[in-house]
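Engineer: Dock chain A against the given chain E, drawing on the hints supplied.
2 protein chains.
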Amino acid sequence: MAAYDFSSVRLFVDAALAPGAEFPLGLEPTNYLANVLRLRAGDELLVFNGRDGEWRARISDLKKRAATLELVEQTRPQTAPCDLWYLFAPLKHARLDYMVQKAVEMGAAVLQPVMTRRTQVSRINLDRMRANAIEAAEQCGILDLAEVRAEVGLEALLATWPAGRTLVFCDEDAAAGGAAAALGAAAEGPLAVLIGPEGGFDPAERARLMTVPKVVRLSLGPRILRADTAAVAALALVQAVRGDWR
Amino acid sequence: MAAYDFSSVRLFVDAALAPGAEFPLGLEPTNYLANVLRLRAGDELLVFNGRDGEWRARISDLKKRAATLELVEQTRPQTAPCDLWYLFAPLKHARLDYMVQKAVEMGAAVLQPVMTRRTQVSRINLDRMRANAIEAAEQCGILDLAEVRAEVGLEALLATWPAGRTLVFCDEDAAAGGAAAALGAAAEGPLAVLIGPEGGFDPAERARLMTVPKVVRLSLGPRILRADTAAVAALALVQAVRGDWR
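Here the protein sequences line up with chains E and A, keeping their order. All letters in the first sequence, in the order written, are residues 583 to 828 by the working numbering. All letters in the second sequence, in the order written, are residues 583 to 828 by the working numbering.
These are calculated hints, taken from the structure and not from any lab test. Don't take every hint at face value.
Copies of the same chain look alike in the list, so a pair counts if it fits in one copy or across any two.
Below, in silico cross-link-like pairs of lysine to aspartate or glutamate (DMTMM-like), each with a Cα-Cα straight-line distance of 25 Å or less [said to hold, decoys possible]:
1. K796 to D755
2. K645 to D625
3. K646 to E720
4. K674 to E720
5. K674 to D753
6. K674 to E717
7. K796 to D753
8. K646 to E717
9. K645 to E655
10. K645 to E626
11. K645 to E720
12. K674 to D755
13. K674 to D784
14. K796 to D784
Just so it is clear, the structure is predicted and the values come from calculations on it, not from any experiment.
Bound conformation, chain E alone:
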């Protein structure tokens, strides 16, 4: 893949993208293009909507409160998302923003907050999570948009766990070692990665997790990782051993 230019402007839009399409932008993206990026009528940018690939678009009109974009050509076809769920005990504010962005970069298609006994955060701003998922996709050239799900308790999550999906849970109480081998030996089929709170899972939760038919208990080494670091590390191992980095 050619070197990616992080400085190119990529904008997520709601509109359907097809040859010749022309559509208005709302107040917020108009403000971003005009006042943050200082673009003008005639300037070009890249747009995507999570369904119709990536397109080069021209600003055909730029009024104070509504820019209009005109599609020039498709630059990349739509990609299929990885069938990879990322489940996590939510963190506070900036660290949650960061974790969501990183999970999207690593290819998670579903972002699912999970409330556990030691989770310290009780309220989650799903709109903010969605905005962070979009921002990460814009920045990193990802064309499919991760689905942000509402928070769920661990027991409720497991009560309806899909039989065919392997659950990889990262456990700092697991004996260190064998992470790559454990993932390599896991059953074929789709996966989910679960990162618990920084206080870890409690014994009852761990016992319950181990009852999932296709479960992998993963150690992330002898050092203790912050939850956002564990997210990237676990997703990297899963992608390398079982995902689209193979």
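Structural biologist: Just chain A, lined up with the frame of chain E:
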């Protein structure tokens, strides 16, 4: 390993740590203990110096400008660092702080900024890097302190490259796939991981890198990662396949 309590106070100190030792703290750590954490004389915390393991210490005296600590007992012996170098094109400010912290969490023993043609940052604050390395060690219970080296040009780095050390360089122009296999097939012995700037390596740099006797050109998958994400992902793979996560 037992669940790690991120809320326990761990302080890096310069003093030699031995049974019965008592020593004063400077103005900055005194201020941190007294005014940020609101500790008082008699309160306890954990201290380490990168050489003598981790100790429980009691605040035996707390004056406005100088706290005195008295060691109670050693809580953990000194650990040996991983022989893993982390080499990176520096990023700006907050993102560099973050990358340094993450590399320490992942077990890097040496932090070496490398200037490449597309590196966008020209001045590096090494004291700030050291402070971030210490903060990450304090937060994550790491007892050995990563060595922060002054920046060096890529050619100068390679001109004195140690023959026995494998250089793993992450290249977004490499064909995606085979990351775990490539690492598994690498020569035995110590490793270094190199993450380039977000513009990637230029062709001459890539060609030069490929002349290193023990070199692994690593793809981090089909999506483009931010440099700080690539750092954690690459170090996770190296630790899992070749390092202390095995």
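Engineer: Now look at each hint and say whether the structure bears it out.
Structural biologist: Quick rundown of the hints versus the structure:
In this assembly of identical chains, the alpha carbons of K796 and D755 lie at most 25 Å apart only when taken from the same copy (19 Å versus 35 Å across copies). Proximity of K645 to D625 under the C-alpha cut-off of 25 Å is restricted to the intra-copy arrangement: shortest distance 14 Å within a copy versus 63 Å between copies. In the homo-oligomer, the alpha carbons of K646 and E720 lie at most 25 Å apart inside one protomer (23 Å), although the nearest pairing across protomers, at 50 Å, exceeds that limit. Proximity of K674 and E720 under a CA criterion of 25 Å is satisfied in both settings, with 23 Å inside one chain copy and 20 Å between copies.
Proximity of K674 to D753 under the C-alpha cut-off of 25 Å is restricted to the intra-copy arrangement: shortest distance 21 Å within a copy versus 33 Å between copies. Proximity of K674 to E717 under the C-alpha cut-off of 25 Å is found in both arrangements, the shortest distances being 18 Å within a copy and 19 Å between copies. When the C-alpha separation of K796 and D753 is checked against a cutoff of 25 Å, the pair qualifies only within one copy, where the shortest distance is 16 Å, while the shortest distance between copies is 34 Å. Taking CA atoms no more than 25 Å apart as the test, K646 paired with E717 passes inside one copy only; the shortest distance there is 23 Å, against 46 Å between copies.
When the C-alpha separation of K645 and E655 is checked against a cutoff of 25 Å, the pair qualifies only within one copy, where the shortest distance is 23 Å, while the shortest distance between copies is 70 Å. Taking CA atoms no more than 25 Å apart as the test, K645 paired with E626 passes inside one copy only; the shortest distance there is 16 Å, against 62 Å between copies. With identical chains, the CA atoms of K645 and E720 are at most 25 Å apart within one copy only, with a shortest distance of 24 Å there and 52 Å across copies. For the homomeric pair K674 and D755, the shortest alpha-carbon distance inside one copy (23 Å) is at most 25 Å, but the shortest distance between copies (36 Å) is not.
In the homo-oligomer, the alpha carbons of K674 and D784 lie at most 25 Å apart inside one protomer (20 Å), although the nearest pairing across protomers, at 39 Å, exceeds that limit. Taking the shortest alpha-carbon separations for K796 and D784, only the intra-copy value of 20 Å comes in at or below 25 Å, while the best inter-copy value is 44 Å.
The structure meets every hint from the earlier list without exception.
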